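Trainee: Spelled out from the first residue to the last, the chains are:
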Amino acid sequence: MSVIYFLIGVGVLVAGGFLFAFIWAVKSGQYDDDYTPSVRILFDNFKTDSQEPEKQNSDQPVNGKSKEMEKSNNNKS
Amino acid sequence: MAIEKFTYDNKIAKYFANATIVWGVVAFLVGLIAALELIFPAFSLNLQYITFGRLRPLHTNAAIFAFVGNGIFAAIYYSTPRLLKTPMFSKTLSLINFWGWQLIIVLAAVTLLAGFTTGKEYAELEWPVDILIAIVWVIFGWNLIGTMLQRRTKHIYVAIWFYIATFVTVAVLHIVNSIELPVSILKSYPVYAGVQDALVQWWYGHNAVAFFLTTPVLGLMYYFIPKAANRPVYSYKLSIIHFWSLIFLYIWAGPHHLLYSSTPDWAQALGVVFSIALIAPSWGGMINGLLTLRGAWDKVREDPVLKMFVVGVTAYGMSTFEGPLLSLKSVNAISHFTDWTIAHVHIGTLGWNGMLMFGMLYWLYPRFYKVKLYSKSWANTHFWLATLGMLFFAIPLYFAGFTQALMWKEFTAEGYLKYPNFLDTYLQIRPMHMFRAVGGVLYLTGAILMVINLIRTAQSGKFARFEEDEAMALEAKTVKEGWHRRLEGKPVMFTIFALIAILIGGIVEFVPMFLIKSNIPTIASVKPYSPLELQGRDIYIREGCYNCHSQMIRPFRSEVERYGEYSKAGENVYDHPFQWGSRRTGPDLAREGVKTGKIYKPDSWHYEHFVNPQKTNIQSIMPPYPWLARQDLNIESTPKKIRAMQSLGVPYPEGYDQQAIADLKAQAAQIAGGLRSAGIEVADQTEIIALIAYMQRLGTDISSGSQMVNK
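Here the protein sequences line up with chains U and C, keeping their order. Take the first sequence: its letter number 54 is residue 365 in the numbering used here, and every next letter is one higher. Take the second sequence: its letter number 691 is residue 1023 in the numbering used here, and every next letter is one higher.
Treat the hints as calculated values from the structure; they're not laboratory data. Computed from a predicted structure; not experimentally measured. Be careful, since some hints might not be right.
Below, in silico cross-link-like pairs of lysine to aspartate or glutamate (DMTMM-like), each with a Cα-Cα straight-line distance of 25 Å or less [stated by the list, open to error]:
hint, chain 1, residue 1, chain 2, residue 2
1, C, K559, C, D630
2, C, K343, U, D343
3, C, K708, C, D630
4, C, K661, C, E893
5, C, K900, U, D345
6, C, K927, C, E893
7, C, K997, C, E940
8, C, K930, C, E893
9, C, K794, U, D355
10, C, K972, C, E940
11, C, K423, U, D355
12, C, K486, U, D343
13, C, K569, U, D355
14, C, K486, U, D344
15, C, K794, U, D345
16, C, K702, U, D355
17, C, K704, U, D345
18, C, K702, C, E802
19, C, K702, U, D343
20, C, K559, C, E893
21, C, K750, C, E893
22, C, K631, U, D355
23, C, K859, U, D343
24, C, K559, U, D345
25, C, K486, C, D341
26, C, K741, C, E654
27, C, K343, U, D355
28, C, K859, U, D344
29, C, K859, C, D989
30, C, K343, C, E634
31, C, K930, C, E940
32, C, K559, C, E654
33, C, K486, U, D345
34, C, K569, U, D345
35, C, K741, U, D344
36, C, K661, C, E897
37, C, K930, C, E742
38, C, K927, C, E940
39, C, K997, C, E968
40, C, K927, C, D1016
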């Protein structure tokens, strides 16, 4: 049955690795903002043939945030 | 910091998407043929390559690793660059990932049909393919993490975390479960035996579901549902919380596949506890996915992509509620070994995995080709075919599961089994299996409709391979550092790499040593297999008998009454691999050879039954195995196999490999002689003789009047 101790060891190692990743994520400020990332992914500024690049600069979080936040705040209320 | 321009390359994502479609159709088709074989054994056409025992592993491997596997790669290769604002790390690695994965799939199909299998569910591929999988997987991870390191967004979106967890954990699972000792180029024995092998196998098997069919698909969900609905995920906070709790809980739930088996009780209890706890993070994901569509349900009514996502996520919620339920011992007593399990996993694959893949494909192709989907109404038809197909599949199997389990357990007033003939309990559920096949036809039809729709879509546009994007550089980089220096700057990445390195090294070195010691039997009468029995066992594995026959009698009155003394852990100490099985389409075989037992059959019966099961019972659904009586056993491989077993700790006497062939021939002559005196003409060296020898050995070690020795 000793394999179970081995599996627990491997499990703890994996979980420990993820714990480490979690601590890193928190410490490095990954979760300081738990709203903007969800909105940011909606903005693509891919240049396709017909569109000019200048108009499409909504990718920056600050720019994108205000407009979209308004929209979704409206939805919430 | 300057704005940097860069280009996304859609080529690899498109390749993977194409492969998803092709292998999806193959997986569904093979599944349908397997389902038909269960109703009409004639569907195996008397060909040894397509019996149920060989098709079923092909079906599961194709569905998991080819269909869903390519699908998650498509999702990862499309979404990762866009989420991290950078092209993929390396085009070469991407190409190796793609072609390597397709090569693995083709090799899998060929070897599985040819009968090369390790006999461990969802890990059937033999050692050279296992090594290839490890290499391609590491290349994938290298590419993924390389992309992360050059990202232009500081924040790592939750989908990426799911992808990383997938890479790390699947690597560990695959390596640990695949440690095997090669005997020849396409044959190996796992280093684990019996209970040990069972624990490792289901630790792997359960986490294959968790980290191959769940986490990457959740990552896919967190990218494609917000994109398709054009609104942010319901709660980003919830996505973070449920991600971390999911990965911490999942890895411990494996033993719930072994409830009431001869694994230790405390391990079973551990598996149950974590399985119940898993409801919370699983439902966190489902709720988050569904509520992302709050206020957008009008879009769902219109858009086939969102419809598929909604049904997919709902199916995820249902199967992750059902899973913990099935992990309760009292429920498992009924559900295990029945069709209930099959229904459960298909809610997961047809519903959750299938629907999310279809939705993603319908979303991706118009974007690849910069056109509208060729036909929305076809996609809607596909949605209904898939949904109904899933329901037609699962609901009859739920009935079948209950029905068969209750029939197995029913006693008459006098205390005898009400249905002592196993076949009766199968015939009762045969109509439900027919419904299941109808469900399969519906699902396959829908998929074919999708193929035509997407081909037409592609034809109506032009593939937009490159898309330009721009973003700020993450930080002022000190230009062009070596990769290792950059790695050192990222403690997490470094840890992950270090972890993998340590695991591979550590595992390969100490596991075999460590395990062999504990394989010393606690039952003195349990002896290694004779050379002929060992060869017969390898044929049992080759033909995939474990796909329909279990070798694990649970300690219930109904099972002891039907099959004999319940199974003990110490009985399987020489079983590399264990063959407990997971579904009883046919009866349990753990005590098949016990002469005074409940299900004993003489050699001549076995011979007739293998050659033509319908001759023994006209209604039997076992396929005939006439080739076993024609093909010669590969006797020359015996000494090698004995030596392999010796190095795995099986106590054959020193130098026994030299004597093995003579012993094998003597035992074969004895069995064949017995058959001849019963009027059956058969040559000594045929495979069927070895298989009969194995059958007659099963369960005899502790039932021949010997005492248990508890150390």
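Trainee: Would you mind marking each hint as holding or not holding in the structure?
Mentor: Going through the hints against the structure:
no., hint, result
1, C/K559 / C/D630, "holds (16 Å)"
2, C/K343 / U/D343, "violated (35 Å)"
3, C/K708 / C/D630, "holds (16 Å)"
4, C/K661 / C/E893, "holds (20 Å)"
5, C/K900 / U/D345, "violated (52 Å)"
6, C/K927 / C/E893, "holds (15 Å)"
7, C/K997 / C/E940, "holds (22 Å)"
8, C/K930 / C/E893, "holds (8 Å)"
9, C/K794 / U/D355, "holds (20 Å)"
10, C/K972 / C/E940, "violated (31 Å)"
11, C/K423 / U/D355, "holds (22 Å)"
12, C/K486 / U/D343, "holds (12 Å)"
13, C/K569 / U/D355, "holds (23 Å)"
14, C/K486 / U/D344, "holds (11 Å)"
15, C/K794 / U/D345, "violated (39 Å)"
16, C/K702 / U/D355, "holds (15 Å)"
17, C/K704 / U/D345, "violated (34 Å)"
18, C/K702 / C/E802, "holds (20 Å)"
19, C/K702 / U/D343, "violated (37 Å)"
20, C/K559 / C/E893, "violated (57 Å)"
21, C/K750 / C/E893, "holds (11 Å)"
22, C/K631 / U/D355, "holds (20 Å)"
23, C/K859 / U/D343, "violated (62 Å)"
24, C/K559 / U/D345, "holds (18 Å)"
25, C/K486 / C/D341, "holds (22 Å)"
26, C/K741 / C/E654, "holds (22 Å)"
27, C/K343 / U/D355, "holds (18 Å)"
28, C/K859 / U/D344, "violated (63 Å)"
29, C/K859 / C/D989, "holds (16 Å)"
30, C/K343 / C/E634, "violated (30 Å)"
31, C/K930 / C/E940, "holds (20 Å)"
32, C/K559 / C/E654, "violated (29 Å)"
33, C/K486 / U/D345, "holds (13 Å)"
34, C/K569 / U/D345, "holds (6 Å)"
35, C/K741 / U/D344, "violated (56 Å)"
36, C/K661 / C/E897, "holds (20 Å)"
37, C/K930 / C/E742, "holds (17 Å)"
38, C/K927 / C/E940, "holds (18 Å)"
39, C/K997 / C/E968, "holds (11 Å)"
40, C/K927 / C/D1016, "holds (23 Å)"
Hint check: violations occur at hints 2, 5, 10, 15, 17, 19, 20, 23, 28, 30, 32, 35; the rest are consistent with the structure.
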